[in-house]
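Residue numbers (our numbering), protein chains in the order written: chain V, 1 to 401; chain D, 1 to 401.
Hints are computed from structural coordinates only; laboratory data are not their basis. Computed from a prediction, not measured in an experiment: that's the story for all the values here. Mixed in with the good hints there might be a few duds.
As the list claims (entries may be wrong) - The calculated lysine-lysine pairs, modelled on BS3-like cross-linking and capped at a C-alpha distance of 25 Å, are:
| hint | chain 1 | residue 1 | chain 2 | residue 2 |
| --- | --- | --- | --- | --- |
| 1 | V | K18 | D | K263 |
| 2 | D | K18 | D | K366 |
| 3 | V | K366 | V | K18 |
| 4 | V | K263 | D | K18 |
| 5 | V | K325 | V | K263 |
| 6 | D | K325 | D | K366 |
Residues per chain, in single letters:
There are 2 protein chains.
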Amino acid sequence: MKPVEFEPALARRMNGMKASEIRELLKLLEQPGVISFAGGIPDPALFPAEAAAAAYSRALRQPALALQYSVSEGYAPLRAWIAEFMRREGSPADPDNILVVAGSQQGLDFLGKLLISPGDTALTMAPTYLGALQAFSAYEPRYETIRPEDGNATPAALRASAEAAGGAVKFAYVVPDFANPTGETLSLAARHNLLDLAAALEIPVLEDAAYRALRFSGVQQPSLQALDVARTGSLDASRVVYLGTFSKTVAPGLRVGWVCAAKSIIRRLVLITQASELNVSVINQMVMLELASQRQERLVETGRANYRAKRDAMLGALDKYMTGKATWTRPDGGLFVWATLDPSIDGATLLARAVEEAQVAFVPGKAFHADGSGGNTIRLSYSLPSPAEIEEGIRRLAGLL
Amino acid sequence: MKPVEFEPALARRMNGMKASEIRELLKLLEQPGVISFAGGIPDPALFPAEAAAAAYSRALRQPALALQYSVSEGYAPLRAWIAEFMRREGSPADPDNILVVAGSQQGLDFLGKLLISPGDTALTMAPTYLGALQAFSAYEPRYETIRPEDGNATPAALRASAEAAGGAVKFAYVVPDFANPTGETLSLAARHNLLDLAAALEIPVLEDAAYRALRFSGVQQPSLQALDVARTGSLDASRVVYLGTFSKTVAPGLRVGWVCAAKSIIRRLVLITQASELNVSVINQMVMLELASQRQERLVETGRANYRAKRDAMLGALDKYMTGKATWTRPDGGLFVWATLDPSIDGATLLARAVEEAQVAFVPGKAFHADGSGGNTIRLSYSLPSPAEIEEGIRRLAGLL
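Start from the sequences, fold in the hints, and give me the full structure.
The structure is reproduced here in structure tokens:
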């Protein structure tokens, strides 16, 4: 007889934490023959493996540094490099404005921890990045949808409904460039709308810049942080918290990203880091510094060319096979196209059929909506398959509709 | 004029999060001439730097694995190795009983997140590991002291005071072997007392095994988890959650540790990992597997010999210089001696004098007490200085008393 499993009494927050469909779907990638538009993961053909091996060897010439504990703020020379990168982005950062985190996902967790008391309100777009909703939900917020392009609710209305729910509006979270999941980019006017709203509500704005470097058409918009620095006069007075990562431009396996923000915020995030991971693996920080400082520009160029060709293949295939069956976004960068199907179609049901009957995978759109809507939407990532596989995968998917 | 700093409204939990004295003290280590008994950090002379360089090169022959995102549970071959290690420890683990975390400190954070709602009660010894108190405090528990050696409060009394405070007793946390900060080890009777208490309260026990491998005298006690498996019949029925780490036996810089527990607990911790770091750096997991599987036993042997000599140097110096001025523990393993001074002496005040007048550093004991007591205690780590420096440092410190 199977013994009874021990089940401890859990924290209340666990009621709101569910398994990620994206993470479960990663397992499908391992099945041979499946053409996967799931996962937002970079093309491993772009990874600088040889340079990384050389960088690890060099870092290990200083084992007392590379293999030891380190300060929670991050490896000082990497913080300095990131500060210089942020200055080129229009954010006048000192190293003290930078915290190194284990990927920007960890930054989202730490910011949720910093800002959210149970019942507080987080403002997000709908759809928005599923991983952000997961990170924040551990701290028991409620969500309210903002629409920077189409007009937001008034600050007074947002404040009133947050107070009615027993908390306060604590922050707005957006992916302004080539968003996960839609691939869309906020216009300059929408950026200003968002900053106006945040100023009226006196809240921080979390700017998730995960895909920002990967623009391959159109004109780069200023970052929200750069716009806000221009308004407020300094980074330390700015309300924008910028989340950066090397995962999409160098490699995600090292788990190195950063938060760039006012020092008052970084200081508190350092306390949170001390109470969690202590510090990001310092050898990985040393290696990332070497890879980024020597190769970041070349890696970004190669990545853009690679993903541009794949986006073109996907948009071409969608035009060819999906016209009349769906509508979709036309991204200027990043890794994702977002498709809206007939309202009678459920994305999750379609996925089950797609994997079984057509050996194609994608992510149903519902999980990206805090309010549970979006059942007839799907996210298509073009980052991993080849252009030929993209054409074939879209052809097969269209055959199911 | 300096612009005003932006100060967002913070989550209530931030009231309880303070800067770690230990982390701040790490900065003192960088001053030349200071003999540091602060920090619980391993001797870098023990780090397997050449083997690590070879292992990184080998891992990078599979860049699509080593540099990519990975599953949140951890790298499967490493989980299998850890499960085998745990079976030798008396815990009949499958890989599904193992979660890889970024050091056992991250495991403490995730367990606090899993178990604590604000106002719940955590049972700890006093003193106990400061980093655990920091990790848990982010989730707003209250603390109650247990004394497994001397007799605990009754389950009914603990339950009543937890309920009076508006929550429930959620877990007990202990470092049973060569504890941080005391260096002391729980007797077999105390281990059973603790398991009896946990069974009566129906709560999990978090067993922090960070130093367990580093025994250099006396007889190894069974782990709490092994004792509980013997009581309950299986690991999945056991209430003990074992936190392991490679930081003290291989190297902390890779940030690789693990949690071994009932599958019902591991499944929930996987959700928490998905919402935070996504996964521990997979290249670091691959390298740790190679280092652990090829060298763990040799590294542990070398570490034991190194730290035994240093403990002997410290106990010898204490006997020689401190007799009559303080009392102290006599650890059978680990990295720490715990000294109790005259009640008139404050450890923090002494530290300031010690750094300035004698160029010696240690950690004042108060921070290790959830109740703010322990002002006349200090933690002395012998892991980093040489035996000669230890003798000299204790001599200088005694001169101040």
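So, going through the hints one by one against the coordinates:
1. K18(V) to K263(D): 16 Å, holds
2. K18(D) to K366(D): Measuring from Cα to Cα gives roughly 14 Å; hence the hint holds.
3. K366(V) to K18(V): Holds - the C-alpha atoms of K18(V) and K366(V) are around 13 Å apart, at most 25 Å.
4. K263(V) to K18(D): OK: K263(V) and K18(D) at ~16 Å, within 25 Å.
5. K325(V) to K263(V): 50 Å, violated
6. K325(D) to K366(D): This hinted pair holds, its Cα atoms lying about 19 Å apart.
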